[in-house]
Structure formats: C-alpha cells, structure tokens
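Student: Chains A and B supply the protein sequences, listed in that same order.
Numbering-wise (the working numbering), the first sequence opens with residue 1 and increments by one.
Numbering-wise (the working numbering), the second sequence opens with residue 667 and increments by one.
Since the hints were made in silico from the structure, they are not lab data.
Note that the coordinates shown come from a computational prediction; the quantities given were computed from them, not determined experimentally.
Backbone N, C-alpha and C fix where the C-beta goes; we use that ideal spot for every residue, glycine too.
Each hint should be verified, as a subset may be incorrect.
To be verified - Computed list of lysine to aspartate or glutamate pairs in EDC-like fashion (alpha-carbon distance at most 20 angstroms, straight line):
1. B:LYS705 / A:ASP566
2. B:LYS816 / B:ASP1052
3. B:LYS705 / A:ASP565
What the hints assert, rightly or not - Selected chain B positions facing chain A (in silico; Cβ < 7 angstroms):
4. ILE1206
5. VAL1255
6. VAL1323
Said to hold, decoys possible - Label-pair ranges, simulated between beta-carbon atoms:
7. A:ALA58 / B:ALA1163: 34 to 44 angstroms
8. A:ILE385 / B:PRO1251: 21 to 31 angstroms
9. A:THR47 / B:ASP1119: 50 to 60 angstroms
10. B:ASP1119 / A:GLY50: 50 to 60 angstroms
11. B:LEU726 / A:THR47: 35 to 45 angstroms
12. A:LEU191 / B:LEU726: 49 to 59 angstroms
13. B:THR722 / A:ALA572: 20 to 30 angstroms
2 protein chains.
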Amino acid sequence: MIGGRRPLQGKKLGDKRVRLERPHSAYFRWTGPGTLTAKAAASVPETPVGRAWARTKAILIGRPLSNEQEITERLPKTKALAVFSSDAISSSTYASEEIVLVLMTAGVAGLAFSVPIAIAIALLLLIVATSYRQIAYAYPSGGGAYAVAKANINQVSAVFAAAALIFDYMMTVAVSVAAGVAAVTSVVAELLPYRVELALIALALLTVANLRGLRESGNIFAVPTYMYVLGALLLIGLGVFRIATGDPAASFQPPPIEAPAEGFAAVSAILILRAFAFGSVALTGTEAISNGVPAFKPPEARNAATTLTVMAVLLGVIFVGISVLAQAYGIVGNEQQTLISQVAQAIFGDGALYIYFQISTALILVLAANTGFNGAPRLAQILAIDGYLPRQFSFRGDRLAYSWGIVILAAVAGVFIAVFDGSVVALIPLYSIGIFFSFTLSQGGMVIHWLHDRVSGWRVRLGFNLLGATVTAVVAVIITAAKFPRGAWIVLIAVPAFTVLMLLIRRQYGSQAAELSIDEAVVIASPHRARRIVVPVNGINRAVVNALNLGRVLGDDIRAVYVTDDEHDGEAMRARWERQLPGVPLVIVESPYRALVGPLVAYLDVLDQAWPPDAEVPITIVVLPEYVARRWWDRILYNQQARRLKAALVGREHTVVADVPYRRHH
Amino acid sequence: MIGGRRPLQGKKLGDKRVRLERPHSAYFRWTGPGTLTAKAAASVPETPVGRAWARTKAILIGRPLSNEQEITERLPKTKALAVFSSDAISSSTYASEEIVLVLMTAGVAGLAFSVPIAIAIALLLLIVATSYRQIAYAYPSGGGAYAVAKANINQVSAVFAAAALIFDYMMTVAVSVAAGVAAVTSVVAELLPYRVELALIALALLTVANLRGLRESGNIFAVPTYMYVLGALLLIGLGVFRIATGDPAASFQPPPIEAPAEGFAAVSAILILRAFAFGSVALTGTEAISNGVPAFKPPEARNAATTLTVMAVLLGVIFVGISVLAQAYGIVGNEQQTLISQVAQAIFGDGALYIYFQISTALILVLAANTGFNGAPRLAQILAIDGYLPRQFSFRGDRLAYSWGIVILAAVAGVFIAVFDGSVVALIPLYSIGIFFSFTLSQGGMVIHWLHDRVSGWRVRLGFNLLGATVTAVVAVIITAAKFPRGAWIVLIAVPAFTVLMLLIRRQYGSQAAELSIDEAVVIASPHRARRIVVPVNGINRAVVNALNLGRVLGDDIRAVYVTDDEHDGEAMRARWERQLPGVPLVIVESPYRALVGPLVAYLDVLDQAWPPDAEVPITIVVLPEYVARRWWDRILYNQQARRLKAALVGREHTVVADVPYRRHH
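So here's chain A without its partners, still in its complex pose:
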C-alpha cells in the first residue's frame, strides 16, 4: 500500500464521458453519479521523501484508518468508572502530601489539622459531585463547562471556561507524569536525578500512543484503576485494623520537624486556608464523567450519575484514609520518597504488596495523564469547529486522533515539566486553579439553566447547583490567593491571554465567513468578463515558451514583459524576439534601479488605469514560467525572483497568477 502511484491500465472504452464518471481505478470506487470514494491508495505520496515519511509514520503510529474504523463502544458502569475516574482518583496519590507540606511550615502544631482539612475537602467533593450529577441529567450529550456556559451564560465565559480547562488538562498531564515518575523514584532512589528525563520519555510514549489513536475503550484501561483502588482500600483497611489493634508504630506522634531558617509560622486561619487550597487538588478530574455521558450504556444519564457518586465516595475514602494513616504513623513525605509511598511501606513493609502498590500508583497516574491527552484535543476540536482555534485542530490524523492538539499539548506539558524540574511540589501551585474557575462557571450556568427551564423539582436542583457554584467560587478565590506567590500568577496571565486569543481568532473567522457568504437562494450566473494576459519573461527558453503557449491558449490580448537594467540587452532581446516569436507583442521595461517586482507591478497598474474609470477593468492573468527544481537544495538556485513576484501579485485586485511549470522529462 505504501509505494509509488503507478500508471493505471487505461481501458479503451471509446466513450470518454463514461470512463471519467465511472473510473475502474486503483484509486476510487464509483459511489453514485458524479461521486467517487477514494481508496487508501489515492493518498499515497508521490515523491520519495513523501513516501519515506509515510513509511516512518506507519511504523511509528500505524497504518491510516478510514472513518468507518472509528470505535464507538458504549461502556458499562464498571468499565466507565475505570475509564473516567482515573484522573480524579489518582489525585489521592499526592493530595494528602500537599496538605501536610503546607501545615509543616507551622511545625508539629500545624500537622494536627491535616485530617480535618482532608475531611473538609471530601465534603467539598461531595457538593461538587452532587452538582455534576445534575449536569449529567441536564446535558446527556456531554456537558463540559464550555457547553454549559455557552448554552446558559455567554460566549466570553464559555471560552474562558474552555481556556481554563485546557490549561488544567495540560497540568493534568504534567503533574500526573511527574507524580508517576515520583512513584517509581520512591522505590528506586537511584533514578531520582533523572526524573526530568524519565518524565519526558513517558510523555513521548504517551504522545505516540495517542497519535496511534489509543482509545479509552480497551479493557486494559480498567486494570490500573481497579488495581490502585484495590491496593488503596487494602492499605486503608489494614492500616485501620493495625491502629485499632494497637500497633505501637501507630502512635499518632508527629515526626520531629526541622525548623526552617525563618522559624515556624503560626497556626493561623491563613495557614489552614492555604493547606485547604493545596489539598483541593484532590477534586481535579471530577468533571470527566459529566463530559462523557454519551459513552455510557442507556439509560446514559442515570448510569453516569451513579458512577459519579461511586467515584466520589471512593476518592473521598481513599483521600481521607491516607491522610489518617499518615497522621497515625507520623509521616510527612519528602522529595526523595512520596508520602503515600512511605505510608504504604509503613503498612505493607518492603515486600511484594508494597511493590504492587507502587506499580499500581504509577500506572493510574499514567492513565490520568492520558485523560489530558483525551480531553484537551477533543475540547480543542470543538473549539476549532466553533471557530475559536485554527481549523487544523479539528482535522483528524491518519489514526483518527486529533494530531495537532495532541502534539501541542505534549510540547507545552514537556516545557512545564522541564522548567519546573519534574517536581510535583513545584508544579502543583499551577494546578487546579483553572478547574475551580470552570467548576464555578458550569455550576453557575446550571443555575441559569434551571431558571430558564423550570422542570419539576427545579428549585431543589437550582439549590444544589447554587451551593456548588458558590462554594467553588469561594474555593477558586482562596486557591488563587494561596498559590499566587508560588506560580499561580502564571495561570492568571495564561488563561485570560488564551481566552482573548481565542476570541480574536473567532472574530477573524467570523468576519471572513460573513465576507465570503453567499445567500443560499441565489443562482449564480455565468460571467462575462474581458481578460488580458501578461507573461513576464527572462529570455527566450523552453520555460518561457511553455508559459507563452499557455497564455496564447487563454486569450488573444497577450503581451510578454521583459524587465532589464541594461538598454543594450533590451535591444538584443527585442531583435531575437521579433525573429522567433513574431506573434507575441513584447514590452521592454528598463529598470535603472535594477528592481524587477516593483516596475512589473507598476506596469500592471498602468495597464489597469488605461481603462476609463467607469468601465469594468479586465482580469489580468499573469502567467509565470517556473523551472521545477528536482532537489530541495536546487531551489535556492532558481525562481527566487519569480517567488518574490508571485508574493507581490497574489492578492492584487483583478489579478490571477498562473504558474506554468517546466519540468525535466527524464
């Protein structure tokens, strides 16, 4: 399939028309009157470089898939839980540690607050999840913050929500990959100096896998989520049992903490709010199920809502459970070994169970990163279709994946990983801010939705969403304030800037569409317009003759124009021209300033101005001879002047540029 396009065996059918309409061809199937369907062979590149690239791509990301090969599987609840919850549940692997890291700055006194804060966050999770259940019912076609805000609030807030979500998807990728690597380096400490490299390798593998069209549908995706949930529940169960049976190590004694140079901070409301803000990263990923309602088996909305509840409960239990165990065993975590890894080691020891748990942690985090790879390019596609991003983001690549979105997401995430040295602690301050803004906008949108659409029980529903919107708005402000000095300012610049950019793009596309649009009712008449042919020539040679011949076919009002900076050269040219091309008038333009493009365009202007102001100016067809270089490096030797001329002419009023290639035939 990958190989040069070969000449087809033309069958002599006599009647051309029939053969054109129904080609029995290696490239097409005839699928109706005037309709052809391309086979894979029609897309095979013709140049050696093109073929080599196609072959490389086929090895790297697989052979092209046709549209019909799209997988549209409906998921049962058990599988959907695994597929859509990996992002949310995986945040339990680092959320407890984030709380403890903040509280530690107040020393032992601070650590006492870690469990209450975890419980408060779990309550917040409950509110948000309840709020999202409503969205699942109201928008069964998939209600992301963008869709809800667009339907209920306005364009700007929808685009802002989308920008915030895309930023958070990007951070999901960066944080999850970094945390996955941290799960590995917690066990194999020797790899710690290479964490950036490891993270970038993992990112590259995820990128290739997603360009291959890795879908969330495979059973394989269910495995890591259940592995981790099982491991975490076992960990908590065993831990609680040990504490209950009086394990002497579970002394609830805080570890000795070295005072920082500036001394311990006081345990203040501010500190507790900061710890809450950093811990609320546990909520990231909560929106995934409501976005994915159409993928559920019917009844879609109810199944999605049930799954959402199960997910929230599991996440809450694991998150609070790990916080309790860390408190009991006096564990705070450090850059060498994560808190959750230390907890697991304390409960499971060094054996197979611990290794199993670390592997499942790393795998669920990779899966969570994959959520970003699924979510961001799809959202970008929706935005591109709506005109907020360049159209390229809506094109699907060979494997039906949104290649542009995937590649750009990976590149940006890679830059963040590299700049922040692959450290989860350093990346977290940028994470979860965007998501809380988009939580607020989607819940707020739902409030407006219920006001407009007063179905039975709308008051209660509105109440839940209003609570959700209020709480998440407050949390969004707290998080932004708390994280501001440690990097959140980047989000406050990037998300609005991205919003403005998308709005500008939309305006641009919108004005183009308005300008180009034609009333559907109009029947477009055949044109009658005079035309004039101008052929810039650089001498008498085969390329020029080719161009002149085409010009003579196109019309009778033809003139060749020769620009020279040498009077004598012009005279010699005219003499030869009149001998060899007596049929074509030659205009010689002497250019004492040695410019080519300017005088030629000026000559066209003079031609146009020769028409009376009220007359219709004829179309000028500029026929350009072009020598086709066979190798890329040949190109710098040829056509430099022609290229500049073309650039100056494309876009000139009433002007058409026709390239007539001259190509070597051997």
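Guided by the hints, dock chain B onto chain A, whose structure is given.
Tutor: Just chain B now, kept in the frame of chain A:
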C-alpha cells in the same frame, strides 16, 4: 519618494492603444516603441511593512541609485597607489612581529635571524611583483588569478584559485580589522578586554559603508595610505639616524626572553622556514594592482606596472626597516602592545608623533579590510555571472553594491573574529595560504600564456613567470606545512570544499540552461492544445465563485471537485450546488482517510489516463480559490490546505495552477 503608490490621473485619450504604449505616468518614461523605462517611483513598495523597510534602508544605506549614477573614474598613479596598495602595505604593520614570534621560541639565538628572513621575504616580494607586472601588461582588462587560470589552465584550477582568493579576502577583512583594533589597544590598554566587540563594531560599520556603495575612488582613500607611508618612512629614517649617531638604547641587545615550559627550541632549518612562512604574510595584497588595471589612466598597463614597482619597493623598505629597528632596540612585541607600536614608541616617544603613527596604522588597516569588501563581492559577481555561485551574487543592491557578497563576507569574517577571540596572532595561521596558491596558479597560467602567445621577448617573460610560479609554489607548501597545526588545516578543508560546491552549482546551472535552450533560428509557432479546467472547492462562497468564474472564462470543459470525509455533507453540498450553480458539473470525492491532496491529485491522474495513450493529453488548469489574509498572522488561519495542494501540483505534468485571490474590498 518613499511613500505609497498613488492612483494615477488617467487622461482620457480615447484610443487605448496609444495610452498603453505611451503612458504619461508617474512610474515610466516612454523610451521607444514598446519600451518603458521605470522611474524610481515604480520600485516603491506597496505594503506598510514594505514601505517601513524601504525607509529604514534609505536611512541606513542611502537612497537607491540608478545604473547611470555608477562612478567610473580613472585614477592617476598617485591615487591608484593609495587605493590599491593599502592592503599590501598594511601587512608591514604585523609581518615583522610574526617572524619574531616564531624565532622567540628558540630564545635569543633565534632572534638574530629576523632581519635576514625579512630580507629574504622582501626578495620574494620582488620576484612576485615582477611576475605580476607581466600580468598587468598581458591582461590589461584586469587579470586576477581566476581570469588568468581560466584563460590558460582549466576550469577547476580557475575555480580553485577563486575559492582561495575569496577565502583570503575574508581573512584580509578579519586580520586587518583585528590588527586595526590592536593598534588602538596598544595605545589605550583599557580597551584590550573589549577587542572582539570593537572588531565586530568596526566590521559592522564597514559593512554598512560598503552597502552604501562606498567606492575606492574618493580622495579620502588616499589619505590613510600616505599618512602611514609618511609615518613609517619617518620612523625608519629617524631610527636609522639614531642608530648611526650611536643612540645608547639602540644596542642590538636582544631582550631577556622567558624560556617556555618545554625549554627553548633549537635554531634549526625548520624553525627558520617557519619564521619565513609566517613573515610571508607581508606579500598579501600584492595582486590587487594587476586586478585593477582598467581603473588606471592610459597607458593603463604601463602605469599599473610602475605603480606596482613603487608599491613593492615601499613595502619592502618599510617591512625590512621595521625589522631592523626592532632588532636594534631589542623589541619583540606582545599581546598587550604590538611590535610596531613599541618600535614607534621607542623612536618617537609618547608624544604627538607616536599617536599620529598609531592612528595612521589603524586607518590603513581599516582601508585594507575595505579591500576585502571590494574584492570578494566583485569576484563573487564574476563567478555568479559564470554560473559558479547563485545568481543573487550578481545582483546589485540599491546603491549599486553587490549586497549579497558584502553581507555574507562580513558574516563569515565576523564568525572568524569571534571564534579566534579577535587575536591577530591566532588568525594569521589561516591567512596568506590561499593567496600563495592563487599566486602559483596565476604565474603558472602566465607560463602557459607565453608558450601559446610568443610575443617578442616571450622567453624572458616566461622566465620571470616561471621563477615566480616555482618560488610561490615552494612557499605555498612551506607555509601550509608550517601553519598546518595552528589552523591551516581549516584552509585545506574550506578551500577545496568551496571549489567543489562551486563546480556543482555550475553543473546544475549548465544542465538547466542546456535543457531550456532554444535554437535561435527557430520561429516558435502558435500552439493548439485542448485544455480542461478543474476547480477544487470547499463549499459555496465568494472565493469559490470568483475561482469558478475565472474557470468559466478560461474554457468550457470545467468541473468543480469537492473533497469531503462525510457522505451526508457531500449530499447536502450537491443539493445546494445544483440549485445555485447549475451550469458547472460537480464531482464529489469522498475521502474516508480524510486526506485532501492525495485524492485530488489521484483524480487528476484518472482524468489524464482516460485519454488514449497516443493522444495528446489536454492541459489541466487547476484554478485555486485563495483567501487573501490581510495581516501576516492571519495567514496561519487560512489556506493551509490550499498551500499544500499547490505544492503538490506545481510541477505536475500538463498542469497549470492558477491562484484566484479573494480580497476584502474596504
């Protein structure tokens, strides 16, 4: 003059023909039947960016000059000496130091040889100058090594000589600028740490000056050369007088020299040859006069020969004189203060005379660097005309200067200065190798010349040139061997590589010319060829209608092709099309692999193959709608697909691509 092109006042003359042939226009003068001469206004750019760039250029390098403004002044001998000798004579500012630096490695014993070696080099200079006098007579139109080798030996040796010369011109620039800066830092030691920056600033100023079209003709160019010659002769005269009158400081006592870590080298034949090799840098620039014969007042050849002799004598006297003074006063030079600066200080003291001499040294070196800026771009222009370099090198810029050559020369010289840290001592090993190879080739060419063209006295002439060729060949080998470990290997790679590149470029242009050429006797008949119009469309909009209208003007066999990856979309399109554009057949190509370019090109192939193999395939005119973006950043939003399609079609057999722009009109 710099400003937008404004609409011209069209005079209603009634007869169009007259007005087209004789436009009374702001852009053109009518200079004959069918011949226009562009005024400066015709080259004024139309876009705001283009105008801003033109304005910047006008400030930086001056307003454009027309061909007629070329200065073609003939030089009297006194001025020619100054203009053409600055490069050669300026080498006396560093040549003595180069000899001493080599001899120093053998300690005091070595230094004794500096004057004899200087005398040997002066003799070599005499031989080379005599040899070049002959070239001046034989090639009064300017006989550079390239011209002589091309006329007498062969293409490869001529190109090799040219490559060597261009490399040496580049080194002339780098070394002269660095040496000029050294003359300054010898006086103002505080500037020594900034010598690279100073050299690059000087280089930039020289570049701008040369792009402005600085010519060798002004009287101003005579000043530095005579200033320096006067200063140097005064220095030598005063020095010799002091020595003769028994100045106690002129003790001919060598200075105490610190032994290097590896101890002193023995005074060996090798060492003396190395000192000779490094000192022979004094000969660089000797060829300039023979290249410039046409610039002399008549009788050109005799005047040039006389000037050459005067130059050689002056250079010899100054070079040997400075070596003698350095010997007498026990001066060896160092990185802080050059040898010649120390000699001048010893004779002149610290007063005005010393400062005068240093200023004249710096100025003549800048002038010498300018020789490189004059020589290399002119040689590159000759090579470009002969097809050995891309044509761009033969284009003259706004100020009649060969902009490409100037800019590239400056860039390469700048890189060498930066890499070698602005040190004359470090740069010298790469210098003067190329020039000796080109000496050898030009003298050798002259030997062959006399064998072919046995004018009266040819035996004597042949004898001189043979001596010259032999001696310079031996010296070339000695220099290469001596300098090889200190950087000459770069020359041995760069010059042959450059030669091969130029030969490849020549072959490329040659084969293109052969392919395109048309016998001058042939009268080219009018063509009769069928044509078919294909318009790829992306919907029904104004841009598409524009393109269709042009297509319908161009011919009757027209079809629109719509590529889609969605069957239903295709049906909807056909329904709308048949309603709105009933006159134009629409072909729908379904592309399940989502490719656009491949299926479209494949469709054209199918059309072509529908013709019987023996019939002439009609020309396919692919008319492409193009939306013209108004700002550069708009471009990434539009036409990406059209651009790829165009790239695939340009160069297809029997295919013409016509771009129909759609441009906003407000």
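Student: Hint by hint, note whether the structure agrees.
Tutor: Structure-based check of all given hints:
no.	hint	result
1	B:LYS705 / A:ASP566	14 angstroms, holds
2	B:LYS816 / B:ASP1052	11 angstroms, holds
3	B:LYS705 / A:ASP565	12 angstroms, holds
4	ILE1206	6 angstroms, holds
5	VAL1255	5 angstroms, holds
6	VAL1323	5 angstroms, holds
7	A:ALA58 / B:ALA1163: 34 to 44 angstroms	37 angstroms, holds
8	A:ILE385 / B:PRO1251: 21 to 31 angstroms	30 angstroms, holds
9	A:THR47 / B:ASP1119: 50 to 60 angstroms	53 angstroms, holds
10	B:ASP1119 / A:GLY50: 50 to 60 angstroms	56 angstroms, holds
11	B:LEU726 / A:THR47: 35 to 45 angstroms	42 angstroms, holds
12	A:LEU191 / B:LEU726: 49 to 59 angstroms	55 angstroms, holds
13	B:THR722 / A:ALA572: 20 to 30 angstroms	37 angstroms, violated
Hint 13 alone, counting from the list given before, is not met by this structure.
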